Amino acid sequence: MFVLDQVNSVANHFLAQLRDRDIQSDRMRFRRNLERLGEIMAYEISKTMRFKPMDVLTPLGSKSTHLIVEQPVLITVLRAALPFYQGFSNFFDNADCGFIGAYRKEESGNNRQIEVDYLYQAAPNLEGREVIIIDPMLATGKSFAKTVKNLFSKEKPGKLHICSIIAAPEGIEYLNKEVKIPFEMWVGSIDERLNNQSFIIPGLGDAGDLSFGEKR
1 MFVLDQVNSV ANHFLAQLRD RDIQSDRMRF RRNLERLGEI MAYEISKTMR
51 FKPMDVLTPL GSKSTHLIVE QPVLITVLRA ALPFYQGFSN FFDNADCGFI
101 GAYRKEESGN NRQIEVDYLY QAAPNLEGRE VIIIDPMLAT GKSFAKTVKN
151 LFSKEKPGKL HICSIIAAPE GIEYLNKEVK IPFEMWVGSI DERLNNQSFI
201 IPGLGDAGDL SFGEKR
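Take the sequence shown: its position 181, counting from 1, is numbered 181 in UniProt numbering, and each next residue is one higher.
A few of these clues could be false.
[As the list claims (entries may be wrong)] Distance condition first, Cα-Cα at most 27 Å in a straight line; then the derived DSSO-like pairs of lysine-lysine:
| no. | residue 1 | residue 2 |
| --- | --- | --- |
| 1 | Lys-177 | Lys-154 |
| 2 | Lys-177 | Lys-156 |
| 3 | Lys-142 | Lys-215 |
| 4 | Lys-63 | Lys-47 |
| 5 | Lys-63 | Lys-52 |
| 6 | Lys-154 | Lys-142 |
| 7 | Lys-177 | Lys-215 |
| 8 | Lys-159 | Lys-177 |
| 9 | Lys-156 | Lys-146 |
| 10 | Lys-142 | Lys-156 |
| 11 | Lys-159 | Lys-149 |
| 12 | Lys-180 | Lys-149 |
| 13 | Lys-47 | Lys-159 |
| 14 | Lys-180 | Lys-142 |
| 15 | Lys-142 | Lys-177 |
| 16 | Lys-47 | Lys-215 |
| 17 | Lys-159 | Lys-146 |
| 18 | Lys-154 | Lys-180 |
| 19 | Lys-52 | Lys-159 |
| 20 | Lys-52 | Lys-156 |
| 21 | Lys-142 | Lys-159 |
| 22 | Lys-149 | Lys-177 |
| 23 | Lys-159 | Lys-180 |
| 24 | Lys-215 | Lys-180 |
| 25 | Lys-156 | Lys-47 |
| 26 | Lys-146 | Lys-180 |
| 27 | Lys-52 | Lys-146 |
[Claimed, not checked] DEER-style ranges, computed between Cβ atoms:
| no. | residue 1 | residue 2 | range |
| --- | --- | --- | --- |
| 28 | Ser-64 | Gly-205 | 17 to 27 Å |
| 29 | Ser-64 | Ile-23 | 20 to 30 Å |
| 30 | Gly-61 | Arg-193 | 56 to 66 Å |
| 31 | Glu-214 | Arg-29 | 13 to 23 Å |
| 32 | Ser-64 | Glu-170 | 44 to 54 Å |
| 33 | Ser-46 | Asn-176 | 31 to 41 Å |
| 34 | Gly-61 | Ala-16 | 38 to 48 Å |
| 35 | Leu-57 | Gly-205 | 29 to 39 Å |
| 36 | Lys-215 | Thr-58 | 28 to 38 Å |
| 37 | Asn-12 | Ser-46 | 30 to 40 Å |
| 38 | Arg-29 | Lys-154 | 12 to 22 Å |
| 39 | Ser-153 | Pro-53 | 29 to 39 Å |
Treat the hints as calculated values from the structure; they're not laboratory data. None of the values given here were measured: they were computed from a predicted structure. Glycine included, each C-beta is placed from N, C-alpha and C at the ideal position.
Please work from the sequences and hints to get the whole structure.
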């Protein structure tokens with residue numbers, strides 16, 4: 001598992017600004033920091049991809065380099081992931097993309113369950129492809145796990161990456177237990193725990209509301 005803040009970098013500033021209760025009230029800045037972290041995570045993931053040698057012709061000659069064999073498929077869990085996804089899309093600018101609607105459904109009291117709304121699923125052919133599932137918050141892990149289960153019920157990816165900015169230990173454990181196909185996990189930071197409402201502590205709040213306003 002890759003954890004971005006295990007090595008100090010400028011990404012620490014973007015993570016800190018996302019969490020800071022005074023700075024995060026600037027909605028445009030909050031979205032921009034999600035986007036920046038998406039770019040950084042895309043860069044890190046790109047190091048693990050397959051490359052092929054290519055010659056690039058310049059006005060004065062040619063230069064040998066290595067380019068990605070095939071762009072990944074970006075799968076975005078709406079709605080909080082949109083700015084985070086934009087960062088990935090900036091770097092993987094010819095990627096195929098898919099979108100999943102996920103929501104929290106309250107069963108009773110404080111016992112909440114994540115369900116995937118498949119009235120809003122759009123994804124390309126994933127068979128044999130390198131797939132990155134993008135969602136900024138990994139809390140219980142249920143939305144990620146259900147997304148994987150439904151996306152790959154008939155198709156099998158060539159390689160799967162699960163990527164979030166802030167993760168709870170409980171969510172990481174749940175994914176390792178419930179996801180039955182091999183995957184690589186990429187997170188910006190691992191927090192302390194979930195509270196009894198399944199919110200990440202200390203976390204940053206509701207990433208979707210901070211990006212786009214409160215939902216009804």
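Here is how each hint holds up against the structure:
For the given pair, Lys-177 sits about 20 Å from Lys-154 by alpha-carbon distance, which is consistent with the 27 Å threshold. A C-alpha spacing of about 18 Å is found between Lys-177 and Lys-156, which places the hinted pair at or below 27 Å, so the restraint holds. A hinted pair counts as satisfied when its Cα atoms are at most 27 Å apart, and Lys-142 with Lys-215 qualifies at roughly 21 Å. Taken as a hint, the Lys-63 and Lys-47 pair is honoured in the structure, with Cα atoms around 21 Å apart against an allowance of 27 Å.
About 14 Å separates the Cα atoms of Lys-63 and Lys-52, which keeps this hinted pair within 27 Å; it holds. Between Lys-154 and Lys-142 the alpha-carbon distance is near 20 Å, which keeps this suggested pair within the 27 Å criterion. Distance check on the hinted pair: Lys-177 and Lys-215 sit about 32 Å apart at the alpha-carbon level, beyond 27 Å; violated. Between Lys-159 and Lys-177 the alpha-carbon distance is near 18 Å, which keeps this suggested pair within the 27 Å criterion.
At most 27 Å may separate the alpha-carbon atoms for a hinted pair to count; Lys-156 and Lys-146 meet this at roughly 15 Å. As the CA atoms of Lys-142 and Lys-156 are separated by approximately 20 Å, the hinted pair is consistent with the 27 Å bound. A distance of roughly 15 Å separates the Cα atoms of Lys-159 and Lys-149; the hinted pair therefore holds under the 27 Å criterion. As the CA atoms of Lys-180 and Lys-149 are separated by approximately 8 Å, the hinted pair is consistent with the 27 Å bound.
At roughly 14 Å between alpha-carbon atoms, Lys-47 and Lys-159 fall within 27 Å of each other, so this suggested pair holds. For a cut-off of 27 Å, the pair hint linking Lys-180 to Lys-142 stands: about 14 Å separates their Cα positions. Of the pairs offered as hints, the one joining Lys-142 and Lys-177 holds, with about 11 Å between alpha carbons and a cut-off of 27 Å not exceeded. Among the hinted pairs, Lys-47 with Lys-215 is inconsistent with the structure: their alpha-carbon atoms are about 37 Å apart, more than 27 Å.
The straight-line distance between the Cα atoms of Lys-159 and Lys-146 is roughly 18 Å, inside the 27 Å bound, and the hint therefore holds. A hinted pair counts as satisfied when its Cα atoms are at most 27 Å apart, and Lys-154 with Lys-180 qualifies at roughly 13 Å. Taking the CA atoms of Lys-52 and Lys-159, the gap is about 17 Å. The hint holds against a cut of 27 Å. Proximity of Lys-52 to Lys-156 is assessed by CA-CA distance (about 24 Å); at most 27 Å being required, the pair is judged to hold.
Between the alpha carbons of Lys-142 and Lys-159 the distance comes to roughly 20 Å, so the proposed pair stays at or under 27 Å and holds. Note on Lys-149 and Lys-177: the hinted pairing holds, with a Cα-Cα distance of about 13 Å set against a maximum of 27 Å. Using a Cα cut-off of 27 Å, the hinted pair Lys-159 and Lys-180 holds, with the two alpha carbons roughly 13 Å apart. Proposed proximity of Lys-215 and Lys-180 is contradicted: the alpha carbons are some 33 Å apart, above 27 Å.
For the proposed pair Lys-156 and Lys-47, the alpha carbon gap of about 22 Å is at most 27 Å, so the pair holds. A C-alpha spacing of about 11 Å is found between Lys-146 and Lys-180, which places the hinted pair at or below 27 Å, so the restraint holds. Taking the CA atoms of Lys-52 and Lys-146, the gap is about 34 Å. The hint is violated against a cut of 27 Å. The supplied range of 17 to 27 Å is broken by Ser-64 and Gly-205, whose beta-carbon atoms lie about 48 Å from each other.
For the pair Ser-64 and Ile-23, the supplied restraint of 20 to 30 Å is violated, since their beta-carbon distance comes to about 44 Å. Checked against the hint of 56 to 66 Å, the C-beta distance between Gly-61 and Arg-193 comes to roughly 57 Å, which is consistent with it. Taking the beta carbon of each, Glu-214 and Arg-29 are about 18 Å apart, inside 13 to 23 Å as hinted. Distance hint check: the CB atoms of Ser-64 and Glu-170 are about 47 Å apart, consistent with the given range 44 to 54 Å.
Here the CB-CB span from Ser-46 to Asn-176 is close to 24 Å, at odds with the stated 31 to 41 Å. Checking the proposed 38 to 48 Å range against Gly-61 and Ala-16 shows it holds: the Cβ atoms sit about 45 Å from each other. In this structure, Leu-57 and Gly-205 break the distance hint of 29 to 39 Å, their C-beta atoms being roughly 50 Å apart. The beta-carbon spacing between Lys-215 and Thr-58, approximately 50 Å, falls outside the hinted interval of 28 to 38 Å.
As the Cβ distance of Asn-12 to Ser-46 is approximately 21 Å, the hint placing it in 30 to 40 Å is violated. As the Cβ distance of Arg-29 to Lys-154 is approximately 41 Å, the hint placing it in 12 to 22 Å is violated. In this structure, Ser-153 and Pro-53 meet the distance hint of 29 to 39 Å, their C-beta atoms being roughly 37 Å apart.
Checked against the numbered hints given earlier, the structure breaks hints 7, 16, 24, 27, 28, 29, 33, 35, 36, 37, 38 and satisfies all the rest.
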